Amino acid sequence: MKTIGKLAKELGLGVETIRFYEREGLIKQPQKPQNGYRVYDDSITKQLQFICRAKALGFTLKEVASLMSMGGDCARVESLGLQKLRIIQSKINDLQGLEVVIKEMTNSCRNNNDQSHCPIIDSIK
Numbered sequence: 001m002k003t004i005g006k007l008a009k010e011l012g013l014g015v016e017t018i019r020f021y022e023r024e025g026l027i028k029q030p031q032k033p034q035n036g037y038r039v040y041d042d043s044i045t046k047q048l049q050f051i052c053r054a055k056a057l058g059f060t061l062k063e064v065a066s067l068m069s070m071g072g073d074c075a076r077v078e079s080l081g082l083q084k085l086r087i088i089q090s091k092i093n094d095l096q097g098l099e100v101v102i103k104e105m106t107n108s109c110r111n112n113n114d115q116s117h118c119p120i121i122d123s124i125k
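For the sequence shown, full-length UniProt numbering assigns the number 1 to the initial residue and increments by one for each residue that follows.
Read the hints as simulated data drawn from the structure, not as lab findings.
Given the structure is predicted, the values throughout are model-derived calculations rather than measurements.
Even glycine gets a Cβ: it sits at the ideal position worked out from N, Cα and C.
Treat the hints with caution; some may be incorrect.
Derived DSS-like pairs: lysine-lysine, alpha-carbon spacing no greater than 30 angstroms straight-line [said to hold, decoys possible]: (1) LYS2 / LYS84; (2) LYS28 / LYS46; (3) LYS46 / LYS2.
Taking CB as the label site, the calculated pair distances span [as the list claims (entries may be wrong)]: (4) ALA56 / SER123: 18 to 24 angstroms; (5) TYR37 / GLU99: 46 to 52 angstroms; (6) ILE102 / ASP41: 28 to 34 angstroms; (7) ARG23 / SER79: 37 to 43 angstroms; (8) LYS62 / SER108: 40 to 46 angstroms; (9) VAL77 / GLN34: 39 to 45 angstroms; (10) SER79 / ASN111: 24 to 30 angstroms; (11) GLN34 / GLN89: 51 to 57 angstroms.
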């Protein structure tokens with residue numbers, strides 16, 4: 001059992017981040033005793049760890065909420081995972097295309113003998 005401050009510090013999160021997750025319905029806010037602070041049990045700690053790991057894998061908070069609601073429905077989780085994989089693969093393809101363009105642009109600078117203009121700046125104009 002931990003206060004929100006201790007929990008936030010343990011997980012490397014801000015107190016406001018935990019409160020945000022409460023407002024968004026990702027975790028349940030514990031009841032506040034009449035005199036004292038709310039205390040968070042291990043189940044909340046595990047939920048927050050899950051949220052952090054899922055976010056680190058690139059899932060949005062909406063997707064994290066979906067994952068949390070799916071429980072052990074592996075087929076649905078797999079479907080969401082495959083959707084995320086397609087998005088990541090698309091981004092990788094886009095970045096590889098940008099890499100080619102930037103390489104060509106920097107090569108044109110390297111081969112530029114006219115110091116009055118820069119091929120990269122000219123191509124961006």
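Taking the hints in turn, this is what the structure says about them:
1. LYS2 / LYS84: violated, 34 angstroms
2. LYS28 / LYS46: holds, 12 angstroms
3. LYS46 / LYS2: holds, 13 angstroms
4. ALA56 / SER123: 18 to 24 angstroms: Check failed, 36 angstroms falls outside 18 to 24 angstroms.
5. TYR37 / GLU99: 46 to 52 angstroms: Hint holds: Cβ distance 51 angstroms, inside 46 to 52 angstroms.
6. ILE102 / ASP41: 28 to 34 angstroms: violated, 50 angstroms
7. ARG23 / SER79: 37 to 43 angstroms: With a Cβ separation near 28 angstroms, ARG23 and SER79 fall outside 37 to 43 angstroms, so the hint is violated.
8. LYS62 / SER108: 40 to 46 angstroms: Between LYS62 and SER108, where Cβ atoms are some 42 angstroms apart, the hint holds.
9. VAL77 / GLN34: 39 to 45 angstroms: Once the Cβ atoms are compared, 41 angstroms apart, the range 39 to 45 angstroms for GLN34 and VAL77 holds.
10. SER79 / ASN111: 24 to 30 angstroms: 49 angstroms Cβ-Cβ, so the 24 to 30 angstroms window is violated.
11. GLN34 / GLN89: 51 to 57 angstroms: holds, 54 angstroms
Comparing the model with each earlier hint shows violations of hints 1, 4, 6, 7 and 10; every other hint is respected.
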